[in-house]
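Visitor: Combine the two chains into a complex, taking the hints into account.
Line by line, the protein sequences give chains A and B. Letter by letter, the first sequence follows residues 7 to 98 in my numbering. Letter by letter, the second sequence follows residues 4 to 413 in my numbering.
Bear in mind the hints are in silico, worked out from the structure with no lab data behind them. We put the beta carbon where it would ideally sit given N, CA and C, even for glycine. Certain hints may be false.
Per label pair, the in silico range of CB-to-CB distance [as the list claims (entries may be wrong)]:
#1 A:97 to B:248: 54 to 60 Å
#2 A:32 to B:114: 42 to 48 Å
#3 A:94 to B:37: 26 to 32 Å
#4 B:159 to A:7: 32 to 38 Å
#5 A:94 to B:46: 24 to 30 Å
#6 A:20 to B:38: 39 to 45 Å
#7 A:20 to B:239: 21 to 27 Å
#8 B:118 to A:52: 41 to 47 Å
#9 A:97 to B:114: 53 to 59 Å
Facing chain B, from chain A, some residues (calculated, C-beta under 7 Å) [what the hints assert, rightly or not]:
#10 40
#11 43
#12 67
#13 89
#14 98
Part of the chain B face toward chain A, derived, beta carbon under 10 Å [to be verified]:
#15 15
#16 108
#17 128
#18 167
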Amino acid sequence: MNIDEIFDYTSFTIDREPHIVLDKDVCAGCDQRGCVNCCPARCYTWSEAEGKMTFVHDGCLECGTCYVVCQRNAFSRWNYPRGGYGVAYRMT
Amino acid sequence: MARAGLDVALIERGTFPGEKNMFGGLLHRMTSIEEVFPDFWSRAPLERHIAKKGTTFMTGEASFNVQHETVNFDRTPYNGYTVFRPRFDRWLAEEAVSAGATLLNRSTVEDVVIRNGKIAGVTIAGRKGEISAPVIVAADGVLSFTAKKAGLRKPQFSPDQMAVGVKALFDMPKEVIDDRFGLVRNQGFANEYVGCTGGVRGGGFLYTNYDTISVGIVVHISSLRDSGKTPYDLLNDFLAQPQFTKLLRGGRLQEYSAHVIPEGGYAMIPELYGDGILVAGDAAALCNATGVNLEGINLASHSGILAARTIIDAHERKDFSRSTLKRYKERLDLSWVMQDLKGFKNAPKMLHIERIYNEYPELVCSMMEHIYRIDGTPKTSIPKLMLREAREKVGLKNVLSDLFTAWRAL
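For reference, chain B alone in the conformation it holds in the complex (with noise of 0.2 Å):
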């Protein structure tokens, strides 16, 4: 929009921006960015980029893990980076300023200023007199109270389509990361973790940022609250996990951070646009946690890029009516954001399974402790001892069920 020549200003309540914002550290491949910066990977103040990914089945005792890597993914465009928000947002919002939009920090915004039935600016908690403007865009996180005020979003949030998000963020040496994990240059390694929440739905990470380690547990908190359990303990426990403290001996921790993640997905969307004002990133619940990919940032970026566009058309127009704003949802629909969202609409249900956070990595840390054991005893065959170790541990019927619900999920 700066570059378009228009009069923009970035409301950041932190002294900088990325002060305030947490993620798990995977910044995935963001095309509608790459449009705007070209050389984006040479440019972006980025920890590593991801060319090898995990999956990995635990429980108390064992793992089960599963990798993929491939040279397409060492290659630029990348598929994926490790940032650490404090310096990318920093970075991001400089550029913007260089463009011609003006930064203002230390600026929580408190209410929405409404002229005439339509959004006029906003007014800064703590300080006099409010920021006119035609158009806003709530690109304040999930909970959103620009959205909120606005009434675009339901007053409440439920339990069940959120979820909470804790790291731990611990230094290591280059090198050492690089040998433990098998990484060179600036290779980038992503490891997603299920069964080692306690029971709890949800799952954890590991990424691997230049010389530093970000480890973390995502929970649904309904799940989380039911549980009784901590999110803290339950980190605490994953950490001390016999394989996986391994991988972290050596590291000190740097820093702790927690944060909400919107899982709803494709049901939880609020409405995205009114007289004055558009609605982007995880404000309007752009997230996709399928449980394979979990993306976010990638879904916001490319949000803030169609607002913008639809914004400079309004600007083009001198209209700012919720007849003209209305294009930005039109381009979302047609977007790979919302058809992503749309296809993978049951995957929250599907997450909803209790059954994958406890007895599925039971069943598969089990069945392959029984195929490798040697023990003087006869074996049983592969099909026979997968059929005995479902039936005993899941349940033919639910096995059928689940793979029922995965199918349409993904």
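Bound conformation, chain A alone (with noise of 0.2 Å):
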């Protein structure tokens, strides 16, 4: 299986308003980054190059790994999405 597509199957309605808001400077000044492989939607990528943490909220399963592996509390805010938004399961 090619894994990359695995994530194409999952159906989301997509809010504007991202529901979880990193403090970059935080995610900068951390020596662990738990939350860049233990996500299982590929949310967060670090860049070396640029000392800079990206966080896409598109793809964002509200599963909660990131809230629990963060133990910088980064989280300017940390919301499940407003109603009617967000990751829509249809068979799981």
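Guide: Have a look at this one:
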């Protein structure tokens, strides 16, 4: 199986407003960054060259892994999406 | 509660109940729900009932299977089922609505309303006003921001006490599933795997639905973090294991999903009640992961029923203070839910033994290969072989200490 395709099989209603917002200064000073490898939806990308964390909320599965793994409280916001938005499972 | 004539609101953040809910796929028998619906199995939208269970010790090349099947699990009341949460939860909510509850879809709880030091309702994100209630049940899942805002759970979770599950759903004709897994009618098969997670603490699963198969892995978040591996690559490796991949032949991927599971057991249970609030299900960390049975949904439903009974009593007394609502915890303590969680309180410690996830599956598979292999050399006696393999792969001291831990845990 081509693992890149797996993410295309989940449905979303994407909100323009992100439900998770990072304080990127905290991420820049973090030496663990477990969010990058633990997130099941590949939402977190760390650029070593720029020393910068990027988070994209579009494909977020709202699983909570990043909320648990981050021990530096890097979230200036971590909410579930507004009602009706976000991941929409059909048959899980 | 609705049947008892109480005014009940169900607050759901999805467009319908179940849209946001992900689990492995195994709905264990829920005796408390059977009390509400005595004909549960003919009424609920179920996929298959679990008649056959198995455990597989797996390495990259080999696997050793243990299976159990009995006609007793092929009769009502069934021991467990596979279900799709978007269908099952929607049905359950519709039953609540028929009993008189009000269902509020597309509503994410933003905050709790506190008046005179008591919880007095909730507010909804993006909406004005509030929903007032003398008591709320925080059944908002593993992260329970409601319990946090009410000051009932610790502000930070430990990655040591949490696991993440990822799942892929494959479609497959019913007849193929029946033939491949040795099933007839609506019989289902549930198999757990150990040794399939690249050394990360965790395991895999395969559950048969009516005409789909759920496969996935569950790994401890702290162990995943330290490994530097990703859950989807681990899942991919599991699916590509030679014996496993045969089971999926012809299946087409339908959906990918993920969720966090509270696996800290008894030690991580938060405060369960406050003035005007009760905490139930995953929000209360009511999960019992012993490595043998992975239970959560049955504990959750039972806690929900006990919360409802407590609230009905409180409603009669017109008193929703801590002193009345603490009866919920007393009921839980007396029930099998807390007795199981207390009885297996050492299980999380056992599941932190790293050797379970690499060395032991290697040991089992290599021993079986030696026993079965015929290659023109003299055979070693089985006890001698066991000792030699255990000494080489794990170390005898470790085996004894692990056996002791497992004995205490189970």
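Visitor: A separate judgement is required for each hint: does it hold in the structure or not?
Guide: Verification of the supplied hints:
Between residue 97 of chain A and residue 248 of chain B the Cβ separation comes to about 22 Å, which falls outside the hinted range of 54 to 60 Å. For residue 32 of chain A and residue 114 of chain B, the Cβ-Cβ distance of about 24 Å falls outside the hinted range of 42 to 48 Å, so the restraint is violated. A C-beta distance of roughly 30 Å is found between residue 94 of chain A and residue 37 of chain B, which places it inside the suggested range of 26 to 32 Å. For the hinted restraint 32 to 38 Å between residue 159 of chain B and residue 7 of chain A, the CB-CB distance of approximately 36 Å keeps it satisfied.
Hint check: residue 94 of chain A to residue 46 of chain B, Cβ distance near 26 Å, so the stated range 24 to 30 Å holds. A beta carbon spacing of about 41 Å between residue 20 of chain A and residue 38 of chain B agrees with the range 39 to 45 Å that was offered as a hint. As the Cβ distance of residue 20 of chain A to residue 239 of chain B is approximately 26 Å, the hint placing it in 21 to 27 Å holds. Taking the beta carbon of each, residue 118 of chain B and residue 52 of chain A are about 45 Å apart, inside 41 to 47 Å as hinted.
A C-beta distance of roughly 33 Å is found between residue 97 of chain A and residue 114 of chain B, which places it outside the suggested range of 53 to 59 Å. Contact between residue 40 of chain A and chain B, as hinted, is supported at the beta carbon level, the nearest pair being about 3 Å apart and thus within 7 Å. Nearest Cβ of chain B to the Cβ of residue 43 of chain A: about 5 Å, under the 7 Å cut. The hint holds. Contact between residue 67 of chain A and chain B, as hinted, is supported at the beta carbon level, the nearest pair being about 5 Å apart and thus within 7 Å.
Because the smallest distance between the Cβ of residue 89 of chain A and any Cβ of chain B comes to about 3 Å, under 7 Å, the interface hint for this residue holds. At its closest, the beta carbon of residue 98 of chain A sits 4 Å from a beta carbon of chain B; the interface hint therefore holds under the 7 Å criterion. Because the beta carbon of residue 15 of chain B sits about 8 Å from the nearest beta carbon in chain A, less than 10 Å, this interface hint is met. Taken as an interface hint, residue 108 of chain B checks out: its beta carbon lies about 7 Å from the nearest beta carbon of chain A, inside 10 Å.
Residue-level restraint check for residue 128 of chain B holds (minimum Cβ-Cβ distance to chain A is 5 Å; threshold 10 Å). Interface restraint check: residue 167 of chain B against chain A, minimum CB-CB distance 5 Å, threshold 10 Å, status holds.
The structure is inconsistent with the numbered hints 1, 2 and 9, although it conforms to all the rest.
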